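Undergrad: Residue-level listing of the chains:
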Amino acid sequence: MLSQQILNGLVSGSVYALFSLGFTLIFGVQKLLNFAHGATFMAGAFIAYYCTISGLPFLLAIGFSMLATGLIAILIDLIAFRTLRNRGNAEFPALVSSIGVDLILVSIAQQVSKTQVLNFPFGTFPIKFYDLFGLRISLLQIVILAVVAVLVAALIFYLRKTTFGRQVRAVATNERAAALLGVNAQSVYLQTFFIAGALAGLAGVLIGLLFNSIQFLMGEPYMLRAFVVVVIGGLGSVQGAIVASLLLGVTQSLAVAYLPSGLTDAIIFGLLFLVLLVRPNGLFGDINAVAGGTRQ
Amino acid sequence: MIQFYYAYQPIIDFFLLSVGFGYSQQIALRAGVFSIATAGFAALGSYCVAILATKTGVPIFLTVILGTALAAAVGGLLALPLARLRGAFQAIATLAFVQIILSLLLYGEGFTGGALGIVGIPREVNTWILLIVVGLTMYVMWNIGRSGMGRVFNALRQEESVASSLGVNIGKYHIIAFIISGAVGGLFGGLQSLYTFQIEPHNYGFAFIVNVLTVVILGGRTTLLGPIMGALIMAILPEIARPLAEYRQAVNGVILILVITFLPNGVGDEIVFWFRRRKQARQQQHRASEKEARDAVS
Numbered sequence: 050m051l052s053q054q055i056l057n058g059l060v061s062g063s064v065y066a067l068f069s070l071g072f073t074l075i076f077g078v079q080k081l082l083n084f085a086h087g088a089t090f091m092a093g094a095f096i097a098y099y100c101t102i103s104g105l106p107f108l109l110a111i112g113f114s115m116l117a118t119g120l121i122a123i124l125i126d127l128i129a130f131r132t133l134r135n136r137g138n139a140e141f142p143a144l145v146s147s148i149g150v151d152l153i154l155v156s157i158a159q160q161v162s163k164t165q166v167l168n169f170p171f172g173t174f175p176i177k178f179y180d181l182f183g184l185r186i187s188l189l190q191i192v193i194l195a196v197v198a199v200l201v202a203a204l205i206f207y208l209r210k211t212t213f214g215r216q217v218r219a220v221a222t223n224e225r226a227a228a229l230l231g232v233n234a235q236s237v238y239l240q241t242f243f244i245a246g247a248l249a250g251l252a253g254v255l256i257g258l259l260f261n262s263i264q265f266l267m268g269e270p271y272m273l274r275a276f277v278v279v280v281i282g283g284l285g286s287v288q289g290a291i292v293a294s295l296l297l298g299v300t301q302s303l304a305v306a307y308l309p310s311g312l313t314d315a316i317i318f319g320l321l322f323l324v325l326l327v328r329p330n331g332l333f334g335d336i337n338a339v340a341g342g343t344r345q
Numbered sequence: 002m003i004q005f006y007y008a009y010q011p012i013i014d015f016f017l018l019s020v021g022f023g024y025s026q027q028i029a030l031r032a033g034v035f036s037i038a039t040a041g042f043a044a045l046g047s048y049c050v051a052i053l054a055t056k057t058g059v060p061i062f063l064t065v066i067l068g069t070a071l072a073a074a075v076g077g078l079l080a081l082p083l084a085r086l087r088g089a090f091q092a093i094a095t096l097a098f099v100q101i102i103l104s105l106l107l108y109g110e111g112f113t114g115g116a117l118g119i120v121g122i123p124r125e126v127n128t129w130i131l132l133i134v135v136g137l138t139m140y141v142m143w144n145i146g147r148s149g150m151g152r153v154f155n156a157l158r159q160e161e162s163v164a165s166s167l168g169v170n171i172g173k174y175h176i177i178a179f180i181i182s183g184a185v186g187g188l189f190g191g192l193q194s195l196y197t198f199q200i201e202p203h204n205y206g207f208a209f210i211v212n213v214l215t216v217v218i219l220g221g222r223t224t225l226l227g228p229i230m231g232a233l234i235m236a237i238l239p240e241i242a243r244p245l246a247e248y249r250q251a252v253n254g255v256i257l258i259l260v261i262t263f264l265p266n267g268v269g270d271e272i273v274f275w276f277r278r279r280k281q282a283r284q285q286q287h288r289a290s291e292k293e294a295r296d297a298v299s
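Keeping their order, the protein sequence lines are chains A and B. As numbered in this note's numbering, residues 50 to 345 make up the first sequence, in order. As numbered in this note's numbering, residues 2 to 299 make up the second sequence, in order.
No lab work stands behind these hints: they were computed from the structure. All values reported here derive from a predicted model rather than from experimental measurement. A virtual CB, placed ideally from N, CA and C, is assigned to each residue, including glycine. Be a bit skeptical, because a hint or two may be false.
What follows is a list of derived Cβ distance ranges for each label pair [said to hold, decoys possible]:
1) B/N144 x A/P270: 33 to 43 Å
2) B/Y140 x A/I205: 54 to 64 Å
3) A/S103 x B/P11: 51 to 61 Å
4) A/Q235 x B/E160: 21 to 31 Å
5) A/I205 x B/P11: 49 to 59 Å
6) B/F112 x A/R215: 50 to 60 Å
7) A/G172 x B/L264: 35 to 45 Å
8) A/V305 x B/L132: 28 to 38 Å
9) B/I241 x A/L188: 51 to 61 Å
10) B/L245 x A/S262: 49 to 59 Å
11) A/P270 x B/E125: 28 to 38 Å
12) B/N155 x A/V196: 29 to 39 Å
13) A/P270 x B/F62: 50 to 60 Å
14) B/G168 x A/P270: 51 to 61 Å
Simulated coverage check for chain B against chain A, where a stretch passes if three residues somewhere in it have a Cβ under 8 Å from a Cβ of chain A [said to hold, decoys possible]:
15) 84 to 98
16) 105 to 114
17) 210 to 220
18) 232 to 241
19) 253 to 259
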C-alpha cells in the first residue's frame, strides 16, 4: 500500500515536473512570474482533445498540441511581456498582464467547451496493467515516467551542452552583458517561452489522460502547485524543480492516503511558507541569488 | 435620484465594496509590498463576523470590530516572516497565505461550514452604511497619504535603498502597511458577509484576488482616486458591454493588459497627475511673470 502510493506520487510528481520546468525556466531567464502558464497547460489538453475527436491519430494530436501551445506561449511573450520588459522594472506589471492573458484563455476555453468536463474518447490510449514487484502499474503510468525522463534529460542537455543553451544561461545571468557579446536576447526569450509552452501543453495532455477529465479551470491548481515546486526547488533551478516536483507528488499522494483529505492543501502551502522563511532561495537554489534584501 | 438608486442599487453596493477592498490592496502596493493577501484578510473578516453573528449573541457592531481586529493582527503577524522577502517571492508567499486560509476554511467544517459556507447571516448592512464606512476609510487613507507615513511609503515604493539610507526602518513600515491592509480588508470582508448574508470559501479564491488587483491596476496604485476609478470601471463595464457578457472575463483580461502596458499608472492616478502637472505649470508661469514684473521695475 505504502509503496503503491509512492509510485502513484512519483507519476503525478513527474507531470508536475514537466509543468513546473517551463515556469521555472521563464523565471530563471527573465525573473518574471508567468501566471498564464496554467492556461497554456489547459490549452494543451483542449487542443489535443479537439484534434483527437476530429479524427487525428493520437500521437499526431499530441505533437500538434505541443506546437500550438509553444506558439501560444510565444504570443504571450510578444503581447504581455515584451513591452513591459523593455520598459524595465517589469516584475509587478508582468504579473498583472499575464493574469490578463490567463483570463482571456480561460474564458475562451469556457465558451468552447460550454463549461462542460470533457473526456478523451474511450480507447484513445490502451488501458493495460502490469504487476511489478507486487505493484500495480498501468501502461500509461510507465509511458508518462519514460516520456518525462527523456524530455528532462533532453532539456538539461540543451541547456548545458548546446550553443542555444549557453546563450539562454548567459541571458539569465546578465542580459546586457550577453547582448554586448552578440547574443540576441529577444530570440532567447522566444525560445524559452516556446519550450515552456510546449512542455506545459504536453503536461496538460498527460494529466487529461491520467485523470480522464479536461475542463477550462484545470490549470489553476497546477499553477498553484508550480509555485510550491519552484519555491522549494529554488526559482530558476532546473534540477531543484525536478526533485521538488517528485517530492511534492509523493507528499501529496501520501497526505491524501493517510491524512484527512481536506488538509492536503494546507500542508502543501504550509510547507511552501516554511521553505520561504527558512531558505527563501529554495532547497537547491543558488544561495548567492537575491531573494530577500533590497530590491534591485 | 431615488429611482436611479433603486434601479442600480446592487451595482452601487458592489462598487462600494470593491472600493473598500481596493484600498486594502492599494496600501500594500503603495508601500512597495507585492502583497496579494487581501483575499485572505477579507475571508478572515467575513468568517469572523459570520460565525460570531450566527452562533453567538455578540452585537453586530462588535463582531465587525472583532473581525477587523483579527485581520489586522494576522496582517501584522504575516508581515514578520515576509520582511525577508521581496518582489515575486512576496507575491508567492501571500498567495500561499490565501491558499492556507481557504483550505483551513474548507477543512474546519464543524466551525466554518466547509464548502457550503455559512448561511443565514443577519442582513444588517445597506448602501448607506457602506457609503459611510467607505467615506471613513477614505478619510483615514487621505490622512495617511498626507502624513510622514505616506511619504515613507512613497519612498519605500520608489527606491528602498534610498529610503533606508535616510534612516527609514523598512521592516517597521512594512508591518504597518500590512496591519492597515489587513484591517481594511477584514472590515470590508465583515461588511460583505453582513450584506450578502451567505458566504463560502470559494468567494475568496483566485477570482477575488484577480478582481481586487484589477481595481487597483485600472485605477492607480498611489492616489485616493485610484480604487474609486478602478471600481467604477469594473462596475460600469459589464453594463456597457452587455453583448459581450459571456466573454466578461476575457474583456477584463484585455483591459488589464492594455492598461498595464499603455497606462501603467492607472486611470485615476493619471487624472490626478495631470491636475498636479497643470497646477505646477501654472505656478511656474505665475512666478516667471512676477519675476518679469520685478525686473521691469528695477
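Undergrad: State whether the coverage of the segment 232 to 241 of chain B by chain A holds or is violated, taking the criterion as 3 or more residues with Cβ-Cβ distances under 8 Å.
TA: violated (count 0)
Undergrad: Is 28 to 38 Å a correct range for the gap between the Cβ atoms of A/V305 and B/L132?
TA: Since the Cβ atoms of A/V305 and B/L132 sit about 47 Å apart, the hinted range of 28 to 38 Å is violated.
Undergrad: Evaluate the given range 49 to 59 Å for the C-beta pair formed by A/I205 and B/P11.
TA: Roughly 55 Å apart at Cβ, these two residues keep to the hinted range, so it holds.
Undergrad: B/N144 and A/P270, beta-carbon distance inside 33 to 43 Å?
TA: holds (42 Å)
Undergrad: Do at least three Cβ atoms from the segment 105 to 114 of chain B come closer than 8 Å to Cβ atoms of chain A?
TA: holds (count 4)
Undergrad: Taking the Cβ atom of B/I241 and the Cβ atom of A/L188, is their distance within the range 51 to 61 Å?
TA: The hint (51 to 61 Å, Cβ to Cβ) holds, given that B/I241 and A/L188 are roughly 53 Å apart.
Undergrad: According to a criterion of three or more residues whose C-beta lies within less than 8 Å of a C-beta of chain A, is the segment 84 to 98 of chain B covered?
TA: Contact hint for the segment 84 to 98 of chain B vs chain A: holds, 12 residues under 8 Å.
Undergrad: Taking the Cβ atom of A/Q235 and the Cβ atom of B/E160, is their distance within the range 21 to 31 Å?
TA: holds (28 Å)
Undergrad: Is the gap between the beta carbons of B/Y140 and A/I205 within 54 to 64 Å?
TA: holds (58 Å)
Undergrad: I want to verify a distance hint. Is the separation of the beta carbons of A/P270 and B/E125 within 28 to 38 Å?
TA: holds (36 Å)
Undergrad: Taking 8 Å as the Cβ threshold, is the statement that the segment 210 to 220 of chain B is covered by chain A upheld or broken by the three-residue rule?
TA: It holds, with 3 qualifying residues against the three required.
Undergrad: Is it true that A/G172 and B/L264 lie within 35 to 45 Å of each other by Cβ?
TA: violated (52 Å)
Checked against the numbered hints above, the structure violates hints 3, 7, 8, 10, 12, 13, 14, 18; every other hint is satisfied.
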